[in-house]
Amino acid sequence: MLPEPSGLDRLTVLADHGQFYLQDLQAHGLWMRSHAADDLHAPAGWTQEAVDLHRIGVQPHSIAVGTARSDIVETTLLFHSAAPPMSLQDAEHVVEAGIDLPNSDLAIYGPADDPGQERHISVTAGHYRVRVSYIPSDLPAAGFDDSEYGDHFRYQLDLWPADERAPLAVLKQGPNPWAT
Numbered sequence: 348m349l350p351e352p353s354g355l356d357r358l359t360v361l362a363d364h365g366q367f368y369l370q371d372l373q374a375h376g377l378w379m380r381s382h383a384a385d386d387l388h389a390p391a392g393w394t395q396e397a398v399d400l401h402r403i404g405v406q407p408h409s410i411a412v413g414t415a416r417s418d419i420v421e422t423t424l425l426f427h428s429a430a431p432p433m434s435l436q437d438a439e440h441v442v443e444a445g446i447d448l449p450n451s452d453l454a455i456y457g458p459a460d461d462p463g464q465e466r467h468i469s470v471t472a473g474h475y476r477v478r479v480s481y482i483p484s485d486l487p488a489a490g491f492d493d494s495e496y497g498d499h500f501r502y503q504l505d506l507w508p509a510d511e512r513a514p515l516a517v518l519k520q521g522p523n524p525w526a527t
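Add 347 to the 1-based position in the sequence shown for my numbering, that's all there is to it.
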C-alpha cells in the first residue's frame, strides 16, 4: 500500500538544528535504546562524511535530512511503485539511501517538535529507497524566519519499495561547504 500523493506531497517542517527526520519511530526508538552509546559519537548518523558530502545522516529506520537553514523548510514527498527516472537538472545535490519501515509508519518531523507533532503516513511495511534532491528556491517556505541565515531549498523526497539494500549513493554532488 503506497499512499496517494495528493494532500501529502507538500509539507513544511521546522528543521531546527539544520535537519529534519524520516523515521519509523517505534523501530528507531528500539534501536536507539539498545545503541544509545553509539549515538554519542555520531548523533542521527552525522559522521564527518555525512556532514561534508552526503548531507543526510543515516541510522537504522531513520534518515536525517540536513538543511541549509535552521528554519521552516518546504518538502515535497512523492511515493512511487518503482524507482522514478532521474531528474537532476533543477537539483543542486541528490543523494539516495535505504530505510526500513517495519511498522508501516513513516514519521516526518523536526528535532524541536514535541512528541505527537510528527506527520505520520501509513505505508506498506518493508524496505524503501529514498532519493533526497536539494532544489534551490527563490521562494521561502510559508512562515519562515527572516532572521535565520542560509539559502532556501525545497527538499524533494522520492520514496519507492526496494528489495535490494543498496548503499548510500551521492548521485549529484553539490558544493562544499554548502550551508554557510
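FYI, nobody ran anything at the bench for these hints, they're computed from the structure.
Watch out, some of these pointers could steer you wrong.
[What the hints assert, rightly or not] When the alpha-carbon atoms are kept at most 25 Å apart in a straight line, the in silico DMTMM-like pairs for lysine to aspartate or glutamate are as follows:
hint, residue 1, residue 2
1, Lys519, Asp437
2, Lys519, Glu443
3, Lys519, Asp356
4, Lys519, Asp492
5, Lys519, Asp447
6, Lys519, Glu396
7, Lys519, Glu421
8, Lys519, Glu465
9, Lys519, Asp399
10, Lys519, Asp493
Hints, verified against the model:
1. Lys519 x Asp437: 11 Å, holds
2. Lys519 x Glu443: Judged against 25 Å, a Cα distance of about 10 Å means the pair holds.
3. Lys519 x Asp356: Holds - the C-alpha atoms of Asp356 and Lys519 are around 23 Å apart, at most 25 Å.
4. Lys519 x Asp492: 29 Å, violated
5. Lys519 x Asp447: 24 Å, holds
6. Lys519 x Glu396: With a Cα-Cα distance of about 15 Å, the restraint between Lys519 and Glu396 holds, given a limit of 25 Å.
7. Lys519 x Glu421: 20 Å, holds
8. Lys519 x Glu465: Violated, at about 29 Å.
9. Lys519 x Asp399: 14 Å, holds
10. Lys519 x Asp493: 29 Å, violated
In summary, the numbered hints that this structure violates are 4, 8, 10.
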